[in-house]
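A.B. asks: Those protein sequence lines, which keep their order, are chains L and F.
Going letter by letter, the first sequence gives residues 1 to 78 in the numbering used here.
Going letter by letter, the second sequence gives residues 1001 to 1707 in the numbering used here.
Hints were generated in silico from the structure; no laboratory data involved.
Every residue, glycine too, gets a C-beta built ideally from N, C-alpha and C.
Each hint should be verified, as a subset may be incorrect.
Unchecked claim - Dumping the calculated EDC-like pairs for lysine to aspartate or glutamate here, alpha-carbon to alpha-carbon at most 20 Å:
| no. | chain 1 | residue 1 | chain 2 | residue 2 |
| --- | --- | --- | --- | --- |
| 1 | F | K1288 | L | D53 |
| 2 | F | K1268 | L | D55 |
| 3 | F | K1252 | L | E22 |
Stated by the list, open to error - With beta-carbon atoms standing in for the labels, derived distance ranges:
| no. | chain 1 | residue 1 | chain 2 | residue 2 | range |
| --- | --- | --- | --- | --- | --- |
| 4 | L | E72 | F | Q1217 | 24 to 32 Å |
| 5 | F | G1133 | L | L45 | 32 to 40 Å |
| 6 | F | A1265 | L | E72 | 18 to 26 Å |
| 7 | F | D1228 | L | I13 | 45 to 53 Å |
| 8 | F | G1517 | L | E72 | 48 to 56 Å |
| 9 | L | R47 | F | E1004 | 51 to 59 Å |
| 10 | L | G9 | F | E1162 | 37 to 45 Å |
| 11 | F | K1179 | L | E22 | 27 to 35 Å |
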Amino acid sequence: MVLTELRKGDRAIIRALRADAELRNRLHSFGIIPGETLEVKGCSLARQTMEIDVDGTLIALRKDEAEKIEVEKIDADH
Amino acid sequence: MNRETIKVALVGQPNVGKSSLINAISKANLHVGNFAGVTVEKSEVHTRYCDSSGCAEYEVVIIDLPGAYSLNDYSLEERVTKEFLLDEEYDLIVNVVDATHLQRNLLLTAELLELGRKMVVALNMIDEAEAEGIEIDERQLSSILGVPVVKTSARTKRGLDELMEAIVAVYKKPQTESKIVYSDYIEEEIDRLVRFFQERHYNSPIPYRNLAIRLLQEDTRIYKAMHDDPIWIELLPILRSALDHFYLHSGKMDIREIFADEHFAFAKGARMEVLSTRTPRARNLTQKIDNLLINKYLGIPIFLFLMWGLFQLTFSLGQLPMDWIQAGFDWLADQTRAVLGDSQLSSVIADGILGGVGAVVSFLPNIIILFFGIALLETTGYMARVAFLLDGFFHKFGLHGKSFVPLVTGFGCTVPAYMAARTLKSRTDRLITLFILGFMSCSARIPVYVLFAGAFFGTEHAGNILFLIYISGALFGLLAAKVLRTFVFKGQDDPFVMEMPKYRLPSLKLIYHVVSGQAMDYLRKAGTFILLASVLVWFASNYPKNPKLERQYETRIEGAATSEAKTHLQGKLQEELLAQSYLGRLGKATQPFFAPLGFDWKLSVSLEAGLAAKEVVVSTLGVLYALGDSAATGSRALQEQLRRHVSFPAALAFIVFVMLYVPCVAAMAVFKQETGSWLYLLYLFAGTTGVAWLFSFIAYNIAKLLV
Chain L
1 MVLTELRKGD RAIIRALRAD AELRNRLHSF GIIPGETLEV KGCSLARQTM EIDVDGTLIA
61 LRKDEAEKIE VEKIDADH
Chain F
1001 MNRETIKVAL VGQPNVGKSS LINAISKANL HVGNFAGVTV EKSEVHTRYC DSSGCAEYEV
1061 VIIDLPGAYS LNDYSLEERV TKEFLLDEEY DLIVNVVDAT HLQRNLLLTA ELLELGRKMV
1121 VALNMIDEAE AEGIEIDERQ LSSILGVPVV KTSARTKRGL DELMEAIVAV YKKPQTESKI
1181 VYSDYIEEEI DRLVRFFQER HYNSPIPYRN LAIRLLQEDT RIYKAMHDDP IWIELLPILR
1241 SALDHFYLHS GKMDIREIFA DEHFAFAKGA RMEVLSTRTP RARNLTQKID NLLINKYLGI
1301 PIFLFLMWGL FQLTFSLGQL PMDWIQAGFD WLADQTRAVL GDSQLSSVIA DGILGGVGAV
1361 VSFLPNIIIL FFGIALLETT GYMARVAFLL DGFFHKFGLH GKSFVPLVTG FGCTVPAYMA
1421 ARTLKSRTDR LITLFILGFM SCSARIPVYV LFAGAFFGTE HAGNILFLIY ISGALFGLLA
1481 AKVLRTFVFK GQDDPFVMEM PKYRLPSLKL IYHVVSGQAM DYLRKAGTFI LLASVLVWFA
1541 SNYPKNPKLE RQYETRIEGA ATSEAKTHLQ GKLQEELLAQ SYLGRLGKAT QPFFAPLGFD
1601 WKLSVSLEAG LAAKEVVVST LGVLYALGDS AATGSRALQE QLRRHVSFPA ALAFIVFVML
1661 YVPCVAAMAV FKQETGSWLY LLYLFAGTTG VAWLFSFIAY NIAKLLV
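Chain L on its own, in the form it takes in the complex (with noise of 0.2 Å):
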């Protein structure tokens, strides 16, 4: 699934960035990483941004940015 797809609260683990090679590494100095655990901490109206906890650092994306990064999701009660 990807980032898109996670509502408030989710948390997810970081699969693949299907982005060119830019913004991924734009997205990696950022943290964005596959690997790495992020946590999805609100949407904006219409969910055209959404706001993204990685390693404590609040990051914002636009869905556009978001539909790239495929993530897998944390089930709650683990």
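Guided by the hints, dock chain F onto chain L, whose structure is given.
C.D. replies: What follows is chain F alone, placed relative to chain L:
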């Protein structure tokens, strides 16, 4: 004794408190914001350093490079920083690291270590980290990185002396090799290359290991530099086999991704070894505030309310000191006339200089309050939330959430706003933002709005009217952006990936620096540019003289029966004298262009004079409507005059015109510099003037139907 100078490049990711740190060390006045786009600034610090060989004085020059998340060419800031680090002369790097985001910050540190330069790491905001329950073993970190690590805090002034000591100590010591260790398969290839260089005794300005690493990273600069070297032929097959080895081993075909993984592993490993946390607290606070401020439904209304409050505050609180300043200048003008008598000199000082500059200075309170509010939004971290909230909205109009920053700055002054647009990476996003920035009403236009809103809507409604003017200017800009995006600049969108900094209590000192700096800029403008423009306008409105006309009127005035008739004739004389002055002639010549908008020649002239600077519109109106009337230099009296001479529809059209046409010469110069094109400047000028005319025409005619 000659002091030695140490040149330090200060590098760090955005929001790590770089500028605050430099501020704390050098007490220099630097702008700090939660956003990139801060220009490169230098500052100097004296320091005294003692060791076994004795004491010496040093001059440390610190170059504050723009914040960069990594050394990619992603944004303009990153490019500037990277190019400086690679091409410029400096002695060592001070890498400022945010202790509360150690792992992410170490990604940049890893890249910096690869440059093979002397380096010191400042573990900044350590007080915040400790408050959050984060403990960092800086000795362990220092041994992992192979460079000194100093815990610092700009706020509590902790570690500042130690940092200076570390800088001098590293400066005096010889270069050491970077200690960053890669996966075995990469290390193998590095060793192979290093051995190769050693065998050839290759002459390299940086250590062999660093040279090898940069070759393996396919660094284009190194490739270019070594390309013409005969050794290149032998080097090439080694590199090719090394890269094949990498691809095979990692299963990835992108060398940058391979090294990004390495940096990440290094950063993560380093953090695990040196950092321990107790329960995080401050982060929860940011979370709680965010739950409210970026709430799906409440976020935007809260933001609009804050903006509305700021504008109300600007204009109601600012009114009082404004009246005092005006009274002061009126008094000065009266004194001048009393001392110098009725002469040319007294007129140029009282009417030209004092009238013009007085009008400008009296708006200082408004401007200070507005800048204070904007600085508050910036330093607390709220600005980034606003970009987050508004991106969905801005994106629809072909803009970027980050466009919000220059757009809001545009409410202060268009000149820094044009420069703030540099934070936008894609040229298309940037150009569109640049083109519509002029529609955000800059503070220099406040005087015009306040004058007209007060005159035609009453002081009690002025705040609401101003809010309306600002909002409609902004909406207009958005529509213009959509039009530009749809028809003129079609292209790829800039990706939106942005850090949301933690909420911070604003530092009063910092805000004071920002606000006082901007207020001084405004005054300096008033002192020079606007002074010149007001004297010019005074001259153009007083010359050429017409003694014949004056004599004619004097006879008629003497012959007048009542004092009322005398005053009337005197007024008529002033008007006729003005009408035949240079200014009057210019106004009359261009009046046909403005006639459909209901403007008389006085309004036309003040709009033209307003190209010099928007404040000049008010001072010109002051001169044109109040010349010879000593009580009329204040805006109250001017409002009276305007109400008497200008119709309501024309006043409305005038507001619309001022709202939409180009800000000023200074802004145009910066626009040209930022777009790099005279043609774009021409488009801007023609486009905004055309649009301003059209909408003034519409406003004028609608108002005429309604009134």
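A.B. asks: Next step is simple, just say for each hint if it's right about the structure.
C.D. replies: Hints and how they fare:
1. F:K1288 x L:D53: holds, 14 Å
2. F:K1268 x L:D55: OK: F:K1268 and L:D55 at ~10 Å, within 20 Å.
3. F:K1252 x L:E22: holds, 16 Å
4. L:E72 x F:Q1217: 24 to 32 Å: holds, 30 Å
5. F:G1133 x L:L45: 32 to 40 Å: holds, 34 Å
6. F:A1265 x L:E72: 18 to 26 Å: Because 20 Å falls inside the window, the suggested range holds.
7. F:D1228 x L:I13: 45 to 53 Å: holds, 48 Å
8. F:G1517 x L:E72: 48 to 56 Å: Holds: the Cβ-Cβ distance is about 49 Å, inside 48 to 56 Å.
9. L:R47 x F:E1004: 51 to 59 Å: holds, 58 Å
10. L:G9 x F:E1162: 37 to 45 Å: holds, 42 Å
11. F:K1179 x L:E22: 27 to 35 Å: holds, 29 Å
Going through the hint list in order, the structure satisfies each hint without exception.
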